[in-house]
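Colleague: Here is how the chains run, residue by residue.
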Amino acid sequence: MAAGPPTVFGHPTEQLADLYSSCPSRHDLVTQLLALFGQNNHLSCPRVFLYGPTGSGKSHVISSILNTLKLPHALVNCVECYTSRLLYDHILNQVALVTPAPDNDYTNYSRCDNMNDFVKTLRTIIEDRELQEETMYIVLDKAERLREMDMNILPAFLRLGELTGCNVCVVLLTEIVWEKFRAGTGMCEPLVLHFPDYTKDELLEILSSDCPTGYTKDFYMSYVNIVLSVFYMACRNLNEIRHLALLNFPKFCEPIKKGEATEEDVHKLWRNIEPHLRKALQTVYLREVSSAQWERMQEGAATQESSSANIKTLTGKVNMELPFYSKFLLIAAYLASYNPARTDRRFFLKHAGKMKKTVQQMKRDERASSQLLGPKPFPLDRLMAIFYSIVEGKVAPTANIYSQISSLVTLRLMTQVGSDDQLDGAKFKCTVGLDFMRSIARTVNFDIIRYLYDFV
Amino acid sequence: MSKRKSTGSAAMSEGACYSELQRVLRERVYKISAPCDVAGENDLDKPRRHLLDLIQRCSSMGESNSALIIGPRGAGKTMLLSSVLAELKENRDFRDNVLEVHLNGLLQTDDRIALKEITRQLQLENVVGNRVFGSFADNLAFLLEALKKGSRDSQAVLFVLEEFDLFAHHKNQTLLYNLFDVAQSQQAPITVIGLTCRLDVIELLEKRVKSRFSHRQIHLFNSLTFDQYLRVFRSLLVLPAEFRDKKFCGKWNKHVESLSDDPGVTSILRKLYDTSKDIRTLKMFLMLPVARICPSHPRLEMSDFVEAHKILTADSKSNTLHGLSVLELCLVVAMRRLSDVFVNQPFNFQMVYNEYQKFVQTRSYAVQSFDRPVVLKAFEHLQQMELVRAAEGAGIGGRGQKEFRPMLLMIDKSQLMQAIQKYPACPTEVKHWANTL
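Chains as they are written, first to last, in UniProt numbering: chain A, 1 to 456; chain B, 1 to 437.
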């Protein structure tokens, strides 16, 4: 074997060089995996379990190893193949080099319903392709989904080498630790390898590789640095950061295009982009808007100055228009959910006298505050009683009012808890947050905070 | 491979030697049920003789029998059986007389599939054709009948049921009932051998099945002493005498000898032995070091073993924590605090957020604060990584708001502290906060 920086026994050097350059900062793991896989005609490590956070390059490393070295393999994603049938079909198709296409009427290699047939068919394919000597790699991405399928699937895949009697290597990729896969009477333990997350420097190196044409690498690097400074604390996912970086780059270059700044004007550029990135953290990162929408918003922002309000309404949970009484009903539901029933006297009765919290009470309440513990269920009677005492003017208890309750339930602003069969004993829960509630209350000039026990 | 052979006879000596070495060692280490003969190991001798006798009687005297081999995973059940079969197969009579049917509970998930598989393995598909049978028993009886040749008695059939306990979950245990019934009523000479790791497997059998079973149980336990363990280690690595290059073989075997006397290596093996003495763990431990051997790395070195041991004993949870963002780490610390305060009672997102807010507000100069939706997304990521899980019996399940769903943290305090120690560029505030736990 010719000498080269990272050579692995038994593999051609040119392909290795390709492989290493396509997997930056993953050289150690690639070397380790190649050693485990060994030469084609050697027995490979029969089961490997690779885990690591999303975007740490698990699938990429494995698929580039298999593709560059042209090893026979099947690569399936267990989210796509959500039933065992699909899983078998996809694996067999890839192993047998069959692609369902219009020419063959989208037929699969063969019909396969259970593990028994799968193992049998796999064996015949391997014999047909005369690959008995070589290792067949079966990669199951998002392997945590295997646990939700029939209980025999995961143990059987881990034993596939013994069951087929062929040289098969099963690789599981997931972000969940191996301990969570053990079930039943146990199974063959795979070799567990960890893919660590990329360090900040490695992230920078990888991101710098997609520098757009027309800009120097240093310039792009400085930009990526700014992006990381905003997002790195909240998110380490390479894919996510990469997406955000590409999305915001035109905005970053805007002052240069306008001629207001040069590429060296780092400080000015930083001041220009930083608020935008923070806004992106609140919207794009949360997937509240699609990236196309975001771009449109950015363009809109360029044309009109009042854009900040525009974005605000998009992100700040669109205000819901409700009928007048529905609003009060919802407020009543919120109060009933978040106040203990014993305090109703104090809030809704005239001359109930002042109630003061003692220090001891306050300490106790702080822990058991319903703002922390969430809404409690309440009966319909209590809701109506609170409703009548807060609503202005006299309201007749007509079917009209009751139907509004059920429409609130359909809108998911309230939910019914407990059994449905009791007509009069129905209990409800209010499922909206305080911020939403405050904005609703503001529209009817109702100061909700004054009525909440937690804020007394 | 062909390329390396063509490189000439000079390379053949070294490269091919290592290639051959890899082939031999991988065959042993990477196959879990590959037999490894341990000289002087007499634990397996008795069960082995027992089993040998049982199967032999079936073939020579047409005696039916049933037995269960019970032992924990990695105790050598399959290995024992296959070595017994290999020994018996050397006898020509046996080969002619006995048919083997291998079933595995993982593959034959119901009795219909199992029957089809039996038919296939007995090569009776043609005989059966499109015949329709009234019952499972009819079908099986027909199959066994079909094996009778002319005037002679029917051929003996050896049924091996791996993962025997899974067959007990089949509907009505039809397969087991029929197999045991045939074995007991001497319709045709069959031997049923079940392999399982469940000690309570008998309890799984229905009464009518249990009464037909011979109750012959062979228990296997792993009772290796450390010396034997070391011997297994050596035997896994030593090259066989029929290795082509004698000089290379001798050198390598000397190296292996010196390894098993090396105090560093033995201390690692001792640690391994103390945690688990089954051979599978030992094989797993050897996987990486063996894979490394190549001309540029000709010997197994201490560092290989140290690294392999580290990988084998790594705490995966703290590894996962290492991949979290600072925000997610803060949430984990907050949850740990809550779990301590409420003595492992479930908490919800709102409480976690509150705790996090308290932390951020007191140290706003040093820690970047995030909006509630961003924090919620981070929390959901933790849930997806299964570091946090919904508490059982909460009842509200999917109906309630996700902020208030009761949750439990799946991370221990020591794991968290270990992760924070290793965390790259962990903000000192977060470190302090975690230390006040």
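It is possible that part of the hints are untrue.
To be verified - Straight-line C-alpha distance at most 25 Å; calculated DSS-like pairs for lysine-lysine:
#, chain 1, residue 1, chain 2, residue 2
1, A, Lys-200, B, Lys-422
2, B, Lys-116, A, Lys-120
3, B, Lys-402, A, Lys-427
4, A, Lys-120, B, Lys-31
5, A, Lys-180, B, Lys-377
6, A, Lys-200, A, Lys-180
7, B, Lys-171, B, Lys-317
8, A, Lys-142, B, Lys-377
9, B, Lys-431, B, Lys-358
10, A, Lys-180, B, Lys-358
11, A, Lys-279, B, Lys-377
12, A, Lys-258, A, Lys-268
13, A, Lys-217, A, Lys-258
14, A, Lys-180, B, Lys-402
15, B, Lys-210, A, Lys-180
16, B, Lys-171, A, Lys-180
17, B, Lys-317, A, Lys-200
18, A, Lys-217, A, Lys-268
19, B, Lys-116, A, Lys-142
20, A, Lys-200, B, Lys-171
21, B, Lys-271, B, Lys-431
22, B, Lys-358, A, Lys-279
23, A, Lys-180, A, Lys-70
24, A, Lys-258, A, Lys-279
25, A, Lys-257, A, Lys-217
26, B, Lys-310, B, Lys-413
27, A, Lys-180, B, Lys-422
28, B, Lys-422, B, Lys-310
29, B, Lys-413, B, Lys-431
30, A, Lys-180, B, Lys-277
31, B, Lys-171, A, Lys-120
32, A, Lys-200, B, Lys-377
33, A, Lys-376, B, Lys-31
None of these hints come from the bench; they were simulated from the model.
Colleague: It remains to establish, for every hint, whether it holds in the given structure.
Modeller: Do the hints match the structure? See the list:
Taken as a hint, the Lys-200/A and Lys-422/B pair is honoured in the structure, with Cα atoms around 15 Å apart against an allowance of 25 Å. For the hint pairing Lys-116/B with Lys-120/A, the CA-to-CA distance comes to about 12 Å; that is within 25 Å, so the pair holds. Proposed proximity of Lys-402/B and Lys-427/A is supported: the alpha carbons are some 20 Å apart, at most 25 Å. Using a Cα cut-off of 25 Å, the hinted pair Lys-120/A and Lys-31/B holds, with the two alpha carbons roughly 20 Å apart.
As the CA atoms of Lys-180/A and Lys-377/B are separated by approximately 22 Å, the hinted pair is consistent with the 25 Å bound. A distance of roughly 29 Å separates the Cα atoms of Lys-200/A and Lys-180/A; the hinted pair therefore is violated under the 25 Å criterion. Only pairs whose Cα atoms come within 25 Å are accepted, and Lys-171/B paired with Lys-317/B is rejected, the gap being roughly 39 Å. Simply put, Lys-142/A and Lys-377/B have alpha-carbon atoms about 20 Å apart, close enough for the 25 Å limit, and the pair holds.
Distance hint between Lys-431/B and Lys-358/B is fulfilled; the C-alpha atoms sit about 16 Å from each other, no more than 25 Å. This hinted pair does not check out: Lys-180/A and Lys-358/B have alpha carbons roughly 33 Å apart, beyond 25 Å. Note on Lys-279/A and Lys-377/B: the hinted pairing holds, with a Cα-Cα distance of about 16 Å set against a maximum of 25 Å. Of the pairs offered as hints, the one joining Lys-258/A and Lys-268/A holds, with about 13 Å between alpha carbons and a cut-off of 25 Å not exceeded.
Under the criterion of a C-alpha separation no larger than 25 Å, the hint pairing Lys-217/A with Lys-258/A is consistent with the structure, at around 21 Å. For the hint linking Lys-180/A to Lys-402/B, the alpha-carbon distance of about 23 Å falls within 25 Å, and the restraint holds. At roughly 35 Å between alpha-carbon atoms, Lys-210/B and Lys-180/A are farther apart than 25 Å, so this suggested pair is violated. For the suggested pair Lys-171/B and Lys-180/A, the alpha carbons sit about 29 Å apart, so the restraint of at most 25 Å is broken.
With a CA separation close to 21 Å, the supplied pair Lys-317/B and Lys-200/A stays within the 25 Å bound. About 19 Å separates the Cα atoms of Lys-217/A and Lys-268/A, which keeps this hinted pair within 25 Å; it holds. Restraint check for Lys-116/B and Lys-142/A: the C-alpha separation of about 33 Å exceeds 25 Å, so the hint is violated. With a CA separation close to 56 Å, the supplied pair Lys-200/A and Lys-171/B exceeds the 25 Å bound.
Using a Cα cut-off of 25 Å, the hinted pair Lys-271/B and Lys-431/B is violated, with the two alpha carbons roughly 32 Å apart. Between Lys-358/B and Lys-279/A, the direct Cα distance comes to roughly 24 Å. Compliance with the 25 Å bound is thereby established for this hinted pair. For the suggested pair Lys-180/A and Lys-70/A, the alpha carbons sit about 33 Å apart, so the restraint of at most 25 Å is broken. For the proposed pair Lys-258/A and Lys-279/A, the alpha carbon gap of about 22 Å is at most 25 Å, so the pair holds.
Between Lys-257/A and Lys-217/A the alpha-carbon distance is near 18 Å, which keeps this suggested pair within the 25 Å criterion. Simply put, Lys-310/B and Lys-413/B have alpha-carbon atoms about 21 Å apart, close enough for the 25 Å limit, and the pair holds. Only pairs whose Cα atoms come within 25 Å are accepted, and Lys-180/A paired with Lys-422/B is accepted, the gap being roughly 23 Å. Of the supplied pair hints, the one linking Lys-422/B and Lys-310/B holds, its CA atoms being roughly 15 Å apart against a limit of 25 Å.
About 13 Å separates the Cα atoms of Lys-413/B and Lys-431/B, which keeps this hinted pair within 25 Å; it holds. A threshold of 25 Å between alpha carbons decides the hint, and for Lys-180/A with Lys-277/B the separation of about 23 Å falls inside it, so the pair holds. The straight-line distance between the Cα atoms of Lys-171/B and Lys-120/A is roughly 24 Å, inside the 25 Å bound, and the hint therefore holds. Pair hint Lys-200/A plus Lys-377/B holds up; C-alpha atoms about 22 Å apart against a cutoff of 25 Å.
A C-alpha spacing of about 58 Å is found between Lys-376/A and Lys-31/B, which places the hinted pair above 25 Å, so the restraint is violated.
Of the numbered hints listed earlier, those contradicted by the structure are 6, 7, 10, 15, 16, 19, 20, 21, 23 and 33.
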